[in-house]
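Visitor: Using the sequences and the hints given, assemble the complete structure.
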Amino acid sequence: MSAQLSRRRFLQLSSATALGATALSACGSGSGASGNQLTYWGAFASKDIETYFQQNFVDTYNRNAAAKALKVRMAVKQIDTLDRLTQTAVASGRGPDIIATSGPAQTLNYVGNGNLLALDAYVDELGWNSDLLPWALDAGRVDGKLYSLPSGYETMAVFYNPATLKEHGWKAPTTRAEFEALCTDAKSKGLVPVGAGNAEWKQATEWHVTWVWNTFAGPEALYEALTGKRRFTDAVFVDAIAALKGWFDKGWFGGSTDKYFTNKFATVYGQLASGRTAMIVNGSWTFSEIGPFFGKAAGNDATWDWAPLPSMNSGVPAGVQPLSIGTAYSLNKDCKNPAQAAAALDYFVSDPRRQLAWLAATGVAPAPARTTEADFPKNIDPRVKRHYVRLGEATDIGYTSWTFWPPKSETYLYEQMEKVLTGSLSPKDYCTGLDRLFQQELKAGKRPPVPSPKGA
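When you line the sequence shown up against the numbering used here, it's residues 1 to 456, in that order.
Where hints are given, some of them may not hold.
What the hints assert, rightly or not - As a list, the in silico DSSO-like pairs of lysine-lysine whose alpha-carbon atoms are at most 27 Å apart: (1) 296 to 385; (2) 187 to 166; (3) 202 to 264; (4) 68 to 333; (5) 443 to 229; (6) 443 to 145; (7) 378 to 296; (8) 77 to 446; (9) 446 to 428.
Simulated from the structure, these hints should not be mistaken for laboratory data.
Guide: Rendered as structure tokens:
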């Protein structure tokens with residue numbers, strides 16, 4: 001999400017549906033805020049999700065004693081202009097009190113410009129250490145100070161149509177050999193092996209770099225690179241990009257490299273439902289998007305399921321879960337009522353039952369509140385529950401680029417990867433350019449905190 005027209009159109013636009021891609025502005029510091037309310041800018045992928053958020057977050061907060069004299073009034077914005085509106089408003093000194101970003105990497109842009117207040121004063125007061133998963137809370141720290149609060153968390157997985165796999169005698173791959181065998185067979189039968197496209201959101205390309213590096217180079221190598229103990233020019237990173245490029249060249253992703261650049265998300269999901277695509281590798285945001293293409297909603301009897309990521313290299317375990325903060329919130333330095341704005345944020349992100357009810361109703365990624373079995377509602381889709389139970393118990397964790405890379409390096413990751421896919425930049429030169437930029441940002445303290453790869 002996935003917050004603003006974020007890192008990923010749906011990872012951040014569908015997380016944006018939720019708490020993601022939102023902004024609060026309190027009296028005296030936002031566009032049109034009056035002295036007795038907190039205004040909220042929200043962008044939503046559907047009217048149903050917008051209505052749910054209004055009724056179950058905004059309205060219930062306003063009836064809660066925590067609202068005190070300042071109520072939340074939600075103003076709905078367009079998804080494709082929300083981020084630009086927020087950045088322009090912040091730059092002019094009239095931005096929202098709570099700034100929404102697509103995660104810690106993008107938050108660093110605001111930190112570097114001196115736009116944010118530290119949130120440390122509210123950590124103990126509002127109980128965030130005990131309410132939120134520690135790795136997710138720590139991801140918002142810069143130079144030891146907390147500048148962002150996580151509002152949506154995800155990972156990546158393989159999504160498939162069980163009937164398609166059964167028809168062709170396939171199973172969800174767990175190794176590179178199984179992945180390549182499935183893709184080869186699917187291509188020979190006229191199917192798209194891996195549904196993919198970035199026509200609507202260019203940042204979608206970093207999803208593939210992310211999952212391939214996590215499953216080929218592995219979390220240990222990534223951790224060492226992100227902490228400065230290894231370089232991104234190492235062979236394991238170059239070889240992973242070369243493998244991804246080779247798969248694209250074979251037409252395995254989206255049907256061809258040319259089609260990848262023109263495929264829309266509806267095409268990807270529609271082909272998965274119709275059996276024309278073998279699988280897609282996507283993030284947790286898929287739960288809020290896939291429904292309309294399957295079953296009664298689409299007038300078919302198709303179903304979907306998911307499986308953990310395969311291992312693409314020896315020594316890397318199958319089932320690595322790249323951790324992701326899909327959306328995050330920060331306080332504008334010009335906020336006139338920071339304590340009240342922080343209280344509203346706390347209401348929106350810290351209650352596990354509210355978060356899981358939201359997940360069950362909409363499929364939108366919840367905030368990383370600590371949960372127990374009793375917190376899951378009875379009506380939650382068992383596939384979604386299984387996904388988040390597993391994520392909450394993660395031991396082999398990995399790293400998404402939109403959460404743990406510095407901002408300029410993360411932008412380089414997807415922009416320059418397009419040149420690799422079209423053949424105008426070699427995998428080696430791509431990694432060399434990334435490493436050069438990353439080392440500069442690492443030295444300047446622009447990298448978000450990185451948890452240990454052996455558990456979060």
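Visitor: For the pair we were handed, residue 446 and residue 428, check the Cα-Cα distance against 27 Å.
Guide: holds (24 Å)
Visitor: Can you confirm whether the C-alpha distance between residue 378 and residue 296 stays at or below 27 Å?
Guide: Answer holds: residue 378 to residue 296 is near 21 Å, not above 27 Å.
Visitor: Tell me if the straight-line CA distance from residue 187 to residue 166 falls inside 27 Å.
Guide: Measuring from Cα to Cα gives roughly 16 Å; hence the hint holds.
Visitor: Checking one constraint from the list: CA of residue 296 to CA of residue 385, max 27 Å. Satisfied?
Guide: Cα-Cα ~21 Å, so holds.
Visitor: Would you check the hint for residue 77 and residue 446, treating anything up to 27 Å between C-alpha atoms as holding?
Guide: This hinted pair is violated, its Cα atoms lying about 30 Å apart.
Visitor: Taking 27 Å as the top limit, are the C-alpha atoms of residue 68 and residue 333 close enough?
Guide: Measuring from Cα to Cα gives roughly 22 Å; hence the hint holds.
Visitor: Below or equal to 27 Å on CA atoms is what counts here, so check residue 443 against residue 229.
Guide: Given that 27 Å is the threshold and the Cα spacing comes to 13 Å, the pair holds.
Visitor: With the threshold set at 27 Å, check whether the alpha-carbon distance from residue 202 to residue 264 stays at or below it.
Guide: Given that 27 Å is the threshold and the Cα spacing comes to 11 Å, the pair holds.
Visitor: Given the hint that residue 443 pairs with residue 145, test it: the Cα-Cα distance must not exceed 27 Å.
Guide: Given that 27 Å is the threshold and the Cα spacing comes to 18 Å, the pair holds.
Checked against the numbered hints given earlier, this structure breaks only hint 8.
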